[in-house]
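Chemist: According to the numbering used here, the residues represented by the sequence shown are 265 to 760, in order.
Hints were generated in silico from the structure; no laboratory data involved. Every residue, glycine too, gets a C-beta built ideally from N, C-alpha and C. The reader is advised that the hints may include incorrect statements.
Computed spacing ranges between beta-carbons, pair by pair [stated by the list, open to error]:
| no. | residue 1 | residue 2 | range |
| --- | --- | --- | --- |
| 1 | Ala340 | Leu380 | 12 to 20 Å |
| 2 | Arg306 | Ala340 | 12 to 20 Å |
| 3 | Gly574 | Leu285 | 28 to 36 Å |
| 4 | Ala711 | Val569 | 54 to 62 Å |
| 5 | Trp300 | Ala384 | 31 to 39 Å |
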Amino acid sequence: MTSLASTIAADLQPIRPSSILAKLGLALALVALADWLFYGPRIGLSLTLFAIATACVSVLFNHAALDLRRGITSTAILVAGLVPATEELNTLSFLILVAALLMALLLATNSKTTDLADRARALRNFVLFGPFRVFPEALQIFNMSALTRSIALWLLPAVLSTVFIALFAAANPLIEQWVFLLDPKLILDYVSIPRVLFWTMMLALVWPFIHVRWRRRTIPTTTVVDGSVPPPLPSQVSAQFLGPSTILRSLILFNLLFAAQSILDGIYLWGHVALPTNLTYAVYAHRGAYPLIATALLAAAFVLVAMRPGGPVEKSKVIRPLVYLWVGQNVLLVASSILRLDLYVDVYMLTYWRIAAFIWMGLVALGLILIVARIVLDRSNQWLVGANLIALTIALYGCSLVNFDAFIADYNLSHSNEMSGKGLSIDANYLLTLGPQALPALDKVIAHRPGDNCLVSRRDRLVEVHRQDLAWRSWSFRNWRLQRRLDALAKARSAG
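From just these sequences and the hints, can you work out the full model?
Modeler: Right, here's the structure in full:
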């Protein structure tokens, strides 16, 4: 992550305020066009029209780098790339169109690359790093006045706080009700999370074609397409965007938001206080398990970026305690997610995906603890990755030794209405899908359902499958243990 950020930062060059406003305006206009052309309807001729519009806007802002010969060549390449997509849009024609668009842009705006290796390297850097430039470069608009610099300090905290509130609303029906008391219907009718992500993605994709920057292997600084060498990038942008002031504001807001969610969980989830009449514990538990894990992962990413080794806030005596408090709240959030999932499993039984969710949540909680350990012990991100890989390896190795089929079958049977007198009836069809390891549980189900000949016949087919598994070529220790268990049950049944 640090190398990617440094690579992108090396590409950034100051933009004139008037220029960046015009570029951002037309970039957003292209994104709005993409929304109208692509979002919802099936894509066909619309892709060709959008490629032409992108090329026209790119020419508008980069005409100073053009000459007649390269302009004609680039136009011919672009037209050749448009023909297959106009004939029929499929995977091949789409790739040809993208390649033609990139190649036309390279020939038109980068006269310094002449051989094949340099052009391939330039296109590789453009594709890999270009989409990540829009946000740091767009932030240069905040150098225009003291007011906008103040806004920049609150931009990241406000945006991420809004994201966290949206995730909490998805996880907690009570927070969702409070949010809707603000009557956001006018906005929510037109804005959705998928649409916001679509706009963000399209803005990142079109920006490199508007504000063109090419990296060169031998020259560390980048030249503007018109040939002039710009002055150094002001340090205010990075200082405002991810500096100590922004991170401090972010952590204060985040801790307050997470404290509100933790208090609600403490009251209703851990304290078992009666929920409002229109909510059940099953709904409350199920709604929160997965969005809260997404929240914890986003929080972990923010901490890694904010507390990066050698960063401006790594040793801050004010920010470090706030980071520890926030990570602690995230661990509590993961614990609440595990409890929510456990309550849901109590009602709706156990499945493979729910076991995977338990394991995943445990790994997320351990990852958060390891982040704190990295900060406290002053270790590198490489150490953190290694520790997480070791934890993942141990978890996967342990899972390979667990008989999940038998565990799920026994758990669902012991928590079913037939055995415990509460909960759901056992789903015999699901037990059959678990394979021969579910045979002991199926035998108990048959004992409680006399006369179910269909289930008996399906059970017998499963026994035949297991008998085939005992052949020496397919023998396993687990199947051998199952046969011993079945033999013991049959002997006990015959003796009784």
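Chemist: None of the hints should be skipped; say for each whether it holds.
Modeler: Hint check results:
1. For the pair Ala340 and Leu380, the beta carbons lie near 19 Å from each other, so the given range of 12 to 20 Å is met.
2. Between Arg306 and Ala340 the CB atoms are about 29 Å apart, so this pair departs from the stated range of 12 to 20 Å.
3. Distance hint check: the CB atoms of Gly574 and Leu285 are about 34 Å apart, consistent with the given range 28 to 36 Å.
4. Evaluation of the 54 to 62 Å hint for Ala711 and Val569 yields a pass: the beta carbon distance comes to about 58 Å.
5. Distance hint for Trp300 and Ala384: a CB-CB separation of about 35 Å, consistent with the stated range 31 to 39 Å.
Checked against the numbered hints given earlier, this structure breaks only hint 2.
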